[in-house]
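Trainee: Based on the provided sequences and hints, a complete structural model is requested.
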Amino acid sequence: MTNAIESWFAMGGYAGFVWPAYGVTAAVLGGLALFSWRRHRRSGDTLARLQRQLGTRD
Amino acid sequence: MVALKYLPEIEKGAAMLTRLANPARFMRVSGVVLPWVGVAAAGMLALGLVWSLLLAPPDYQQGESVRIMFIHVPSAWMALSVYLFIAIASAVALVWRHPLAEIAAQAAAPVGAGFTLVCLATGSLWGRPMWGAWWVWDARLTSVLVLFFLYLGYIALVNAFDDGSRGARAGSLLALVGIVNLPIIKFSVDWWNTLHQPASVLRLGGPSIDISLLLPLLVMGAGFALLFLWLLLLRMRTALNEKKVRALSLYGQPASRGEDSDAKLPAARSGVAVKL
Numbered sequence: 000m001t002n003a004i005e006s007w008f009a010m011g012g013y014a015g016f017v018w019p020a021y022g023v024t025a026a027v028l029g030g031l032a033l034f035s036w037r038r039h040r041r042s043g044d045t046l047a048r049l050q051r052q053l054g055t056r057d
Numbered sequence: 000m001v002a003l004k005y006l007p008e009i010e011k012g013a014a015m016l017t018r019l020a021n022p023a024r025f026m027r028v029s030g031v032v033l034p035w036v037g038v039a040a041a042g043m044l045a046l047g048l049v050w051s052l053l054l055a056p057p058d059y060q061q062g063e064s065v066r067i068m069f070i071h072v073p074s075a076w077m078a079l080s081v082y083l084f085i086a087i088a089s090a091v092a093l094v095w096r097h098p099l100a101e102i103a104a105q106a107a108a109p110v111g112a113g114f115t116l117v118c119l120a121t122g123s124l125w126g127r128p129m130w131g132a133w134w135v136w137d138a139r140l141t142s143v144l145v146l147f148f149l150y151l152g153y154i155a156l157v158n159a160f161d162d163g164s165r166g167a168r169a170g171s172l173l174a175l176v177g178i179v180n181l182p183i184i185k186f187s188v189d190w191w192n193t194l195h196q197p198a199s200v201l202r203l204g205g206p207s208i209d210i211s212l213l214l215p216l217l218v219m220g221a222g223f224a225l226l227f228l229w230l231l232l233l234r235m236r237t238a239l240n241e242k243k244v245r246a247l248s249l250y251g252q253p254a255s256r257g258e259d260s261d262a263k264l265p266a267a268r269s270g271v272a273v274k275l
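One line per chain: the protein sequences are A and B, in this order.
Its first residue numbered 0, the first sequence is counted upward by one per residue in numbering that gives the first Met the number 0.
Its first residue numbered 0, the second sequence is counted upward by one per residue in numbering that gives the first Met the number 0.
Keep in mind that the hints were calculated from the coordinates and are not lab data.
There's no promise every hint is true.
Stated by the list, open to error - A short, non-exhaustive set of chain A residues, derived as facing chain B with CB atoms under 10 Å:
(1) M10
(2) Y13
(3) V23
(4) L28
(5) A32
(6) H39
Yeah, the Cβ is synthetic: ideal placement off N, Cα and C, and Gly gets one too.
Mentor: Next up, the structure:
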């Protein structure tokens, strides 16, 4: 069992290339998603607060 | 004469497109669709990851390093498709002055740049063990690097003007001119001598890649496409929200309690700026 996991991590000797490739992808796309999501939420909150202050709905 | 017969249908189609592209309607529809697209993207990417890293067999020549293909190739597809999307949206913005077209193009640009960066980085990490080089200045790699700079140039140009509409116009022109790079990228492996292998999925005569590697590749491709759609809708909604916030803080005055807010807020209530 441990051997199977170890050999999977070793990626047939290509571990130093396969894992960084997936890591870079996760960092770039995950970063984009996180950044875009937070900015979306912030813009919605700001708009709702402003509309409450102004007493407008559209 | 035959064309005249279809004129009502064409007009109906154009009217439908116009209705869908109305910013207020876009906010409503995208608000409903967004969570579903997000769930679909997450599910497809999870399936793609398990398939790519665990279930797919190693390649008979490239061994386990072939697993890089499952992220490298879909990111290359997206790098090209997103640029094409930006160019088409830019054409729509220039010709029809559609308010959502520029917003769509600008929302897509950083995502396209991200996919191109992933394509270049994973390609480099795959090239080192397979070709013995992190980077070579051949036609395919160089033209994709140019694509990355086109994305950065577009983003910089759009933000370089104080007047947002002038920046958007300049960016649209750059996006249209840059479209000549797309066929160069696609056919670079056929036109010039290169280390990069030719197409093995989108080719005449059908895919040459084995089905056990093709299926996870397509699943990952669908996951990347759904992720793009989710990011596009999310970022367009953000841009529309921020536009509205700017309009409200420019023209609106806080209403004092107990008074008729309508009378105090002519611009905020009826102004075009607030309605976008």
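Trainee: State for each hint whether it applies.
Mentor: Structure-based check of all given hints:
1. M10: holds, 4 Å
2. Y13: Holds, because the Cβ-Cβ distance from Y13(A) to chain B comes to roughly 4 Å (cut-off 10 Å).
3. V23: OK, holds: V23(A) within 10 Å of chain B, min 5 Å.
4. L28: holds, 6 Å
5. A32: Holds: closest Cβ of chain B sits about 7 Å from A32(A), inside 10 Å.
6. H39: OK, holds: H39(A) within 10 Å of chain B, min 4 Å.
Taken one by one, the earlier hints all hold for this structure without exception.
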